[in-house]
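Number of protein chains: 2
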Amino acid sequence: MGYCLMKQLQVLLVAGTHGNEVNSIWLFDEWNKSPFLINTHGIKTCKVIGNPEARKAGKRYIYQDLNRSFQKESFLSLSPSNFESIRANELVNLYGAEGKTPCQIALDFHTTTASMGSCLVVYGRRDADLALASLIQNQLGLPIYLHESDQKQTGFLVETWPCGLVVEIGPIGQGLLSSRVISKTKLILETLMQQIHQVKKLNFFFPEKLIIHRHIKSIDFPRDDRGNIDGLVHSLRQSKDWHELKKDDELFSKMNGETIRFEEDQSYIPVFINEASYAEKNIAMSLTKRELWDFKKEWKKSLIDLVHQK
Amino acid sequence: MGYCLMKQLQVLLVAGTHGNEVNSIWLFDEWNKSPFLINTHGIKTCKVIGNPEARKAGKRYIYQDLNRSFQKESFLSLSPSNFESIRANELVNLYGAEGKTPCQIALDFHTTTASMGSCLVVYGRRDADLALASLIQNQLGLPIYLHESDQKQTGFLVETWPCGLVVEIGPIGQGLLSSRVISKTKLILETLMQQIHQVKKLNFFFPEKLIIHRHIKSIDFPRDDRGNIDGLVHSLRQSKDWHELKKDDELFSKMNGETIRFEEDQSYIPVFINEASYAEKNIAMSLTKRELWDFKKEWKKSLIDLVHQK
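Residue numbers (my numbering), protein chains in the order written: chain P, 245 to 554; chain D, 245 to 554.
Since the hints were made in silico from the structure, they are not lab data.
Accuracy of the hints is not assured; some may be wrong.
You can't tell identical chains apart in this list, so a pair holds if it fits in one copy or across any two.
To be verified - Derived pair list, reagent style DSS-like, types lysine-lysine, alpha-carbon separation capped at 27 Å:
#1 Lys525 to Lys461
#2 Lys525 to Lys554
#3 Lys525 to Lys344
#4 Lys525 to Lys300
#5 Lys541 to Lys491
#6 Lys277 to Lys525
#7 Lys490 to Lys540
#8 Lys533 to Lys491
#9 Lys541 to Lys484
Everything numeric in this text was worked out from a predicted model, so none of it was measured.
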């Protein structure tokens with residue numbers, strides 16, 4: 245095949261990009277104590293805690309969401325109080341593709357209070373991301389949420405690396421350790437490393453089709469005149485991530501007994517239903533379209549080229 | 245019967261004693277907007293947010309746990325940085341039995357990440373507390389956790405009032421609003437007010453027996469040499485609050501595959517299994533004994549006297 249190694253592949257593994265998503269942080273701590281805990285299949289990794297200050301504070305972030313802070317323009321105007329922009333800059337300088345310890349792939353481990361099970365999030369339609377996500381969907385059957393066309397939400401960590409995926413596992417409360425979540429995190433991490441190893445060995449199996457949940461838009465909670473939430477996710481909608489939402493379905497309930505129903509004529513697949521940290525972002529849930537995509541040869545080529553540093 | 249009203253009964257209702265237990269806070273906010281939302285059965289109430297600063301910060305507390313800050317000695321040495329001791333002092337001065345707006349009963353609404361369903365917590369064996377808890381257990385069947393003989397945990401809010409109960413509802417993540425939890429909070433709050441009203445009318449029904457889960461001790465997570473948690477609640481123990489724990493049952497699991505089993509010869513009923521905020525208190529779960537107590541006439545007399553201000 246003639247792929248030659250120019251420099252060695254390194255994978256950046258990030259836990260605690262949000263300081264109150266503690267399960268991957270705990271797994272990384274255990275891994276530091278027992279270096280053979282995770283099988284990385286011989287692939288070199290750099291593992292970091294994304295937001296160590298937020299971790300100490302037991303909060304999602306200190307000044308602003310680190311996982312919205314990877315904006316090129318924000319690196320130009322760093323204020324000392326903006327801890328997360330400084331940290332984003334630091335992570336890029338250390339582990340970016342052109343950094344001191346260059347990493348080509350970033351894997352970012354998150355949890356959610358939504359009942360989404362385990363899933364992958366890809367940002368935009370980058371070939372290498374879709375190739376790697378295809379390999380994991382083929383191995384573990386995880387749903388893929390394609391986040392795109394969302395002007396309000398940008399600056400995600402993984403976008404700054406040539407290839408990057410977010411792993412989301414839920415439901416789990418903020419700050420709560422769970423053996424169930426830890427086991428899932430370990431399984432997905434090891435499967436990712438195994439599949440990257442297979443790509444390195446040029447011994448892989450890409451599926452012909454990929455199921456994608458394509459982001460369309462997010463919807464907010466009902467709010468009163470002062471902007472406070474005055475309706476909750478309806479009990480029939482709560483925990484129904486990945487289940488079809490169609491016209492007249494119950495969406496929110498108010499304390500006066502009123503039920504707010506979904507009014508659009510078309511149906512969607514909702515995700516991140518009642519994710520605790522999204523209320524401040526005016527997101528009660530995000531709506532997606534479930535699509536079956538043909539696997540494209542360019543995706544495969546892009547990932548192979550990246551892993552083989554062409 | 246000859247009970248006479250010396251002064252009017254007032255009940256203190258507290259939401260957000262912990263700033264990240266947001267469901268009762270939200271319910272109180274809605275109630276402020278719609279005064280007829282909650283039926284208090286004509287009983288006068290004072291409702292407050294216990295820790296408004298912690299609420300703003302989205303944290304359990306600012307400096308120390310408010311619900312461990314009602315210590316008589318701590319009121320003598322208030323430091324300006326100790327926000328919670330100052331707040332505890334303030335609440336007592338405002339709403340204590342001898343305060344500006346005196347309340348005789350305090351009801352404190354909490355949530356937990358443990359799968360405890362709804363339950364009542366009483367602190368020590370005060371007659372009026374046990375009488376009121378009996379009325380609620382008789383109406384709603386809620387389990388009662390009797391917290392006592394715990395030198396490490398003192399200074400609870402409700403202990404500072406002549407009668408007081410904590411309502412705990414779970415599982416729910418910190419900072420997460422849930423229509424299920426809100427409905428339960430409303431039901432229990434209204435049942436409490438209804439039963440206090442019945443006592444005021446001297447038209448009540450006390451049960452002959454009371455089921456009590458009596459606190460024996462708490463156990464910590466396994467920890468490494470540096471004091472960090474190095475074992476998680478076992479997947480077979482997680483969410484098994486109120487289920488018997490007996491010798492050789494799985495308790496914790498470590499990442500090296502080791503299972504730590506329960507070694508005592510006697511069995512217990514565990515509660516607060518994996519409550520997120522208790523890890524810092526070195527509590528992985530608390531162990532209780534389930535007991536059937538005879539209802540005592542003194543309990544009834546104490547509650548009646550209190551409600552009728554004798």
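Now the hints, each set against the structure:
no. : hint             : verdict
1   : Lys525 to Lys461 : within (13 Å within a copy, 42 Å between copies)
2   : Lys525 to Lys554 : neither (40 Å within a copy, 53 Å between copies)
3   : Lys525 to Lys344 : neither (34 Å within a copy, 41 Å between copies)
4   : Lys525 to Lys300 : both (23 Å within a copy, 16 Å between copies)
5   : Lys541 to Lys491 : neither (38 Å within a copy, 58 Å between copies)
6   : Lys277 to Lys525 : between (37 Å within a copy, 24 Å between copies)
7   : Lys490 to Lys540 : neither (31 Å within a copy, 56 Å between copies)
8   : Lys533 to Lys491 : within (15 Å within a copy, 51 Å between copies)
9   : Lys541 to Lys484 : neither (34 Å within a copy, 49 Å between copies)
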